[in-house]
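Asks: Listed here are the chains, written in short residue letters.
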Amino acid sequence: MTHARDPLRARAALATGKAAGRLSQALGRGSGSMIGGRLALRVDPEVLRAVAGDRRTVVVTGTNGKSTVTALVAAALSPGGAVVSNSTGANMTDGIVTAMAADRESGLAAIECDEVYLGPVARGTRPKAVVVLNSSREYTRGVSLKSTLEHWRHTAATLPDDCVAIVNVDDPLVSWAFETAPRRIGVSGGLYWRDDALVCPACGTVQDFTDTSWSCPGCHRSRPEPDWTVVQDGDGWAVEHAGGRTRLHVTVPGRTGPVGGAFALAAADALGVDVDAAAERISAVADVDGRYAPYRVGEHQARLLMLKNPAGWAEAIDVAVSTGRPLVVALDPFGPKDTATMWEAPFHRLAGREVYVTGGRRADGLAILDAAGVTVREAPDLESAVTGHAPGEVVVACNYPAFRRISKQFRGSTH
Amino acid sequence: MSPQPSLTVATLFPLATVAAADEANAAALARRGAARGVSVELVTVDRPGAFVDAHVYLLGGTGRGGVQALVDSVADTDLVVRVRDGQAVLLAVDAGLDAVSHAWVDAGGAAQEGLGLAPVTVHPDHEATGTVVTRPDASLDLPALIGWEANDLRTELHPGARPLFTLEAGRGNRGEGAGEGVLAGNVLGTRLHGPLLALNPELADLVLARALAREEPWPRLESPAVERARRERIAEVRRDVPAAGWRDRLPSRVARLLPS
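As given, the protein sequences belong to chains L and P, one line each in that order.
Per the working numbering, the first sequence starts with residue 38, numbered consecutively.
Per the working numbering, the second sequence starts with residue 536, numbered consecutively.
Keep in mind that the hints were calculated from the coordinates and are not lab data.
Model, not experiment: these values are computed from the prediction.
Accuracy of the hints is not assured; some may be wrong.
Heads up, simulated EDC-like pairs for lysine to aspartate or glutamate below, C-alpha to C-alpha not over 16 Å straight-line [said to hold, decoys possible]:
(1) L:K165 - L:D91
(2) L:K345 - L:E175
(3) L:K183 - P:D581
(4) L:K374 - P:E771
(5) L:K445 - L:E277
(6) L:K445 - L:D418
(7) L:K55 - L:D140
(8) L:K374 - P:D581
(9) L:K165 - L:E187
Listed below are several chain P residues computed to face chain L (Cβ distance under 7 Å; list not exhaustive) [as the list claims (entries may be wrong)]:
(10) E558
(11) A559
(12) G712
Sample of chain L residues with no beta-carbon within 10 Å of chain P, all distances over it, derived [claimed, not checked]:
(13) K55
(14) K183
(15) T242
(16) T412
Beta carbons are placed, not taken as given, at the ideal position from N, Cα and C, and that holds for glycine.
This is chain L alone, in the form it adopts within the complex (with noise of 0.2 Å):
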């Protein structure tokens, strides 16, 4: 964990760091991602530079999706080499710290990073790319969307040279904030939510969304011409690309799959490896950290979803409506505010369907549902929710603590 080469203070860091990380484990307090990171910290604040070395890094960050892209990029790079991941989720710079002290050897780093980590996250990794995927409002924290993208934008100014910002095009919040940043790259692929970007970040006018675009009248700030997009092939995906065209096979349900992807694929083309490799190593991707595949329950398949704002809500309403596939909602209590993000996302579009809603907190999710005139079904248990739909595949959208639930319920029992 401590290389001869790292400064002194690092040194000492990293020990004490590791030496907290056993303890909170040997306690039973955790998986001790967490805590050996935070201590290396406190003790050099520069550990990370000295943890991250000279690797050759991609950084994921944006509101929603980021474990997965994280996946798929981890996946993308692999044919260049062994790739260091943070893939527990400890996205803060604590937990990268830990999770590259963890693998000192790998030349290559796949790292999720918080949206208000990427300043002190960029400058102590010193990131090849830096994968920008959305923005959007969160409930569980104290800072508004204005200031995370204020620090983006501060943060894109101070990029190493040789870093390519990769951003979502189609997201004029990600598209002003990175603006500053030395090379940009485009990729588009949707974006499901629009109601956080209805003003222009720059000068506060209404903007003009089309159905694949968005223009400024007040500044006349435009959609960037995306470098990768990703476009319907046959009844799959595919992304283009310098007048290339690129099958993608990800078992990741909706759009979710070929955009991430799509970020995946520019993000290895970045760092130099071969992209027709890459998207090979994408499409095994068949998991990620329990998400995504399918778990048998009688003759049904459930394929489960987390969910954390509107956005992610109306990402899985999308998923339901474009793939006609039947719906369960599963709710679990964990505090006042638990399903308080459901009452802004566009369960209308789901007007005149049948919703089974089960978990703890499923009065909640009856009230939000039959609010937005979506035909909702009570159901007091996973299984009889799952079904009560007909045979086949079933979309389980679940709030974090159903899916915790519901994920470690599937993987104890059949796969």
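We have chain L already, so just place chain P on it with the hints.
Replies: Structure of chain P alone, referenced to chain L:
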């Protein structure tokens, strides 16, 4: 036959503060209005130049960071005049209540001047968060409601002002009695953020009635799904908040050592 009454509801500057689904409040007014034969048009105002003459204004969201932005934006509009002249109702939530107060507290703890529309002065206090349950209020035709608070403030009411709610559970204004928020003329101010009107349709009724200058109470209108969700939350709060005894006043580290 009298024509169907119609109202315009404007959500003001939603991106300036930390959201907690406050915009669901506008949708709740539209839904409850439709059920009551009132047609409600929803508008979002994101900058002072787009300000519209509405009958109901929703201002706020949680988070200290956005208050000055709200003060600056609102100062460039006719909001204060319209509400003071009785042409519109204002629901000012948390950061929104700070913005229209006489004085509020910035992130550094310093007092700042507000727009003076709500008769309250805000002072720093310690952090308190949690689920709030209000007591039924026959004078406003309200049952027990549910809401959320998360702030480090004491909200002092000026003489003659009444709180919007009286609390069964929660900290509220932290002044005399168990008051929460303020009700003054056409200003309904509260710290309870999030989809407050969605969770409590009767409060949406109160806002609609005020905007329509309706005197007589609305006929009873049931919404079983949302009432059940609220009943479950209230039961949970009552279960989780045991009567405070001497034990609860000890630091948790000390209390843990005592035999139960």
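Asks: All the hints need checking, so say for each whether the structure fits it.
Replies: To see whether the hints hold, each was checked on the structure:
{"no.": "1", "hint": "L:K165 - L:D91", "in the structure": "11 Å, holds"}
{"no.": "2", "hint": "L:K345 - L:E175", "in the structure": "7 Å, holds"}
{"no.": "3", "hint": "L:K183 - P:D581", "in the structure": "13 Å, holds"}
{"no.": "4", "hint": "L:K374 - P:E771", "in the structure": "13 Å, holds"}
{"no.": "5", "hint": "L:K445 - L:E277", "in the structure": "38 Å, violated"}
{"no.": "6", "hint": "L:K445 - L:D418", "in the structure": "15 Å, holds"}
{"no.": "7", "hint": "L:K55 - L:D140", "in the structure": "12 Å, holds"}
{"no.": "8", "hint": "L:K374 - P:D581", "in the structure": "25 Å, violated"}
{"no.": "9", "hint": "L:K165 - L:E187", "in the structure": "22 Å, violated"}
{"no.": "10", "hint": "E558", "in the structure": "6 Å, holds"}
{"no.": "11", "hint": "A559", "in the structure": "4 Å, holds"}
{"no.": "12", "hint": "G712", "in the structure": "23 Å, violated"}
{"no.": "13", "hint": "K55", "in the structure": "28 Å, holds"}
{"no.": "14", "hint": "K183", "in the structure": "6 Å, violated"}
{"no.": "15", "hint": "T242", "in the structure": "8 Å, violated"}
{"no.": "16", "hint": "T412", "in the structure": "12 Å, holds"}
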